[in-house]
Amino acid sequence: MIDKSYDAIVIGSGITGGWAAKELTEKGLNVLLLDRSPDVKHGIDYKGEHVPSWKLPFYGKDERQLNQRDYFISQHSGVMDASNRHLFNNDRKNPYQYDPKKPFQWIRGGGVGGRSLLWYRQCYRFSEADFKANSDDGHGSRWPIGYSDLAPWYDYVEDFIGVSGQAEGLEQLPDGKFLPPMKMYGIEKTVKQRIEKKIPEITMTIGRTAVLTENHRGRAACHYCGPCERGCSTGSYFSTQSSTLPAARATNRLTLRPDSVVERLEYDPETRRVSIIHVIDAKSGERLEFSSKIVFLCASTIASTQILLNSSSEHFPNGMANSSGVLGKYLMDHTTGIIGSAVFLDNLDSYYYGNRPNGFYIPRFRNNQKQDSDAEFIRGYGFQGNSLRPHWADLANQKGFGKTYKDALTKPGNYWAVGIAGFGECLPHQENRVTLDATKPDRFGIPQVRVDMEFRDNELKARADMAVQAEKIFRAAGAVFYQTNSETNPPGAGVHEMGTARMGDNPEESVLNKWNQTHDIANLFVTDGSCMVSSSCVNPSLTYMALTARACDYAVSQLKKGLI
Amino acid sequence: MNRRQFLEFTSLILAGSSLAGNTYSTEHQQQLFALGKNFIEQPANIFSDSQRQLVRNLVDIIIPRTDTPGALDAKADHFIELTVAHYMTAEERKTFAAGLGELQAVIDSAGDLAIEAESKALTVLLTEQLNNLEERHSDAAWYQLGNRVGNGFDSTAPFICQLKELTVVGFFMSEVGATQVLRHNPMPGIFDGETPLATDQPSWSRNRPGDLS
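Residue numbers (the working numbering), protein chains in the order written: chain E, 4 to 567; chain W, -17 to 195.
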C-alpha cells in the first residue's frame, strides 16, 4: 500500500540531492527528499563549530580506539574528530566489502546533507578536452554531451553557490563566474612568480572554492575561522543545509524525511515506470512505500548503484535499468596523495592573519590539449598545494627542554613549507566495479556492496611523472630542500568515486542518456557521480551540480509535455 | 627501588583505564562543545601521589613558567594523566609506566639527597636524567626531520618522546597556552597571507594539533 504520493522523490540529500530538491520544488513539484541518515539542522547540529582546542577530548588528538572500532574508514578523511564525528558514517554499523589486498576507502557522510558538509569545496569546470578524451584516445565510451552543453549550467550553479576564484583564461580549466579570489601567502606569490617565469607552461592560481569571499545571496562572507568541516552556521560555504535546502523549503513544496533507508525501487512493467520506492525507517524499522511521477537517484555513486542493483526484477534480472549490463562497472576515483613538500627561506618576515580554507592550484600542464612526446601515460593531473609557516606542532620533535625549547616552540619557525598533492585522472576499466554480496546483508537486510577496484598502469605512470614534475617545480621555485613521493592513496581516498551508471548515446553501453535519464525507464534519473563517463583530473562536484540542475530542467519539461 | 617496588610503582598505570575509576565522560559530546567544560576538568586517577608529583616536576622542567605561564599553569600534568589513562594503548602505557618508574628509581637511589618535592636539587637531578634519556634515544624515529606532533601518536616513541609530546600538546592546546602564550583569534574575519612578522611575535593558536600553519 502506498503511504504517500509525490510529484518527485529525490533519494539522497548530499550535493546533488539537495540540488535536485531545490530545482524540482522551484519548478512547482511537490518533492519528497529521502536520506538514510539522521537529520542535521543548519547551525543547531554543528555541535563542534567554533569549539576551542581545550574543550575537545585529548585536545583534538585522534580518539584511536573509538575510530578503530566505529570509524575505521571515515578516519581516513583526515578531518574527523569529536567535533564533527556525528557528520560521518559509522563504518561498523554500515559495512561494505572489499578484498583486503585491494583496499577501497568508501568515505561517507552520516547525516542529512551528506558530504556537502564535509567536502573540501574545490570547484573546477571540466573542459572540452575532458569531454572528448574518451573518444579521442579510445579508452572508455563517448560522452553524450560536450562543454557547450554544460557551460550555461556551470554558470547557473556557480551563480547560486558562490565560487571564489581567479579567471586565468586557460583552455584546460575554463573560467567560471567568480567571486573575488582568496589571497595567496607571500611565499606563494614568490613561488608563483618564479615557476611561471621558468616553466611558462605552468600556471599557479588560487584554489577555486565554494567559500564566499563576499556576502552572497543572503549568506555571509567567510570569517576565516578555519575548520569548515565542523559546519558553518553563517552558511559561508556551500552545503545542502546552507544553500539548496533553504531554497527548496522556501517553496513550501518540500518534505524532508531523514532516517529513511531506500531498500529498492519497484518497476511496473505495465506503465514501464518506477512505481514504488520501498523505504525502511532506520529508527523504527517500519517499512514504508512511496510513489512519485519521477525519481531522482542522488544517493552517491556507490549507494545509488547499490539501490539499482538491489532493485532487480523479472524485467531487469541484473539490476534496475541495467539492460546494458554496465551498471556497477567502470568505477573511477582520482589518484591522490602528497606528491612533494619543500622548504623555502624566502618571505621570512612575512606572516599571516586568518585561516584560509583553501589552497593553491596548478592546473593540468602535462598532455595539455596534445600528447607530450616524453609522457609515458595518457590524460593528465593537477596539483593542489598549500603553505605553512611552522608552529609548535611542527617544531616539537627536537631535542632540548626548558626556556629555550619553550621559546623556540612559541614563535613561528624560521622557514616556509609548501606541499603539493597530485590529483590524477583515472581511466574507466570495467574490472573496477561495484557488486552486491547477497551472503552479507546489512542491519536492514540489504545486501552489502562489494567494491573491487585498483589503480592500473596508466594511473601509476602518471603518478611517477607527478614526482618528476614536482621536483622541477620545486627547483624552479627556489626551494632549499624538497622531497617527492609518487605513491598514491588507495582508491576511494580521493572521495571522487564515479562512473558506475555512466551516460551515453548508445543504450547498449550506457545506463543513462544525455539528460541523466535511464535509457530503460523514463521516470528514473541518476545525477550523482555514477553518471560520469570519464573522470578528468579536476574535482567533480561542480560538474555533478551542473548535470543535476540540467537534468531537473529536462525532467520537468518532459513531465509538463506529458512525456514522462 | 627493587623490582617489586618498581612493579608496584607502575602497576596502577598498567592497569589502565579499566581500573582507573573515573573514565572520561562522553556526555558533554551530546551538547555544543563550545559551551562544554574544558577537557582537563575531567577527573583522572591513574597515577599514585608520587607518580603525580613526578609528572608535575617533569612538565615543569620541559615547559617552565617564564615571563609567560608554563606547563603547570596549563595543567599539562593532568592532561598527561588523562591521556595515559584513556588514550594510550596498553603497550604505550607500559612504556610510559616503565619510564616513569626508572626516574623514580633514580630519585629513590639518590639517598642522602633526600630530595624535597619542589627542591632545586631535584630539578637538577631530573634535568640531567631527561638529558640522558634524550641522548639514549637520540635515534628514535620521533626526532626525525619532517615528523611533527599531529593528531596521531607514535606507538614506538620512547618514554622521553611520549612525555615531551604530551607536555607540548597539553600546554599549547590548553586555554592557558593558546590564549596567554600563543596568540588566539577564533574569529579573524579576514585572511591576509603576508602580514609583517615581528621577531618576538608568537604563533597563532591552532584548532587541532594536526592543523597546518
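None of these hints come from the bench; they were simulated from the model.
Do not rely on the hints blindly, as some may be mistaken.
Claimed, not checked - Derived EDC-like pairs (lysine to aspartate or glutamate); straight-line CA-CA distance at most 16 Å:
| hint | chain 1 | residue 1 | chain 2 | residue 2 |
| --- | --- | --- | --- | --- |
| 1 | E | 406 | W | 55 |
| 2 | E | 195 | E | 73 |
| 3 | E | 135 | E | 474 |
| 4 | E | 402 | W | 121 |
| 5 | E | 414 | W | 84 |
| 6 | E | 186 | E | 140 |
| 7 | E | 406 | W | 49 |
| 8 | E | 195 | E | 474 |
Stated by the list, open to error - One side of the interface only, derived from the structure: several residues of chain E facing chain W at Cβ under 8 Å:
| hint | residue |
| --- | --- |
| 9 | 86 |
| 10 | 181 |
| 11 | 223 |
| 12 | 288 |
In this text, a Cβ means the ideal position worked out from N, Cα and C, and glycines have one as well.
Enumerate the violated hints, using their earlier numbering and listing them in ascending order.
Violated hints: 2, 3, 5, 6, 10, 11, 12; rest satisfied.
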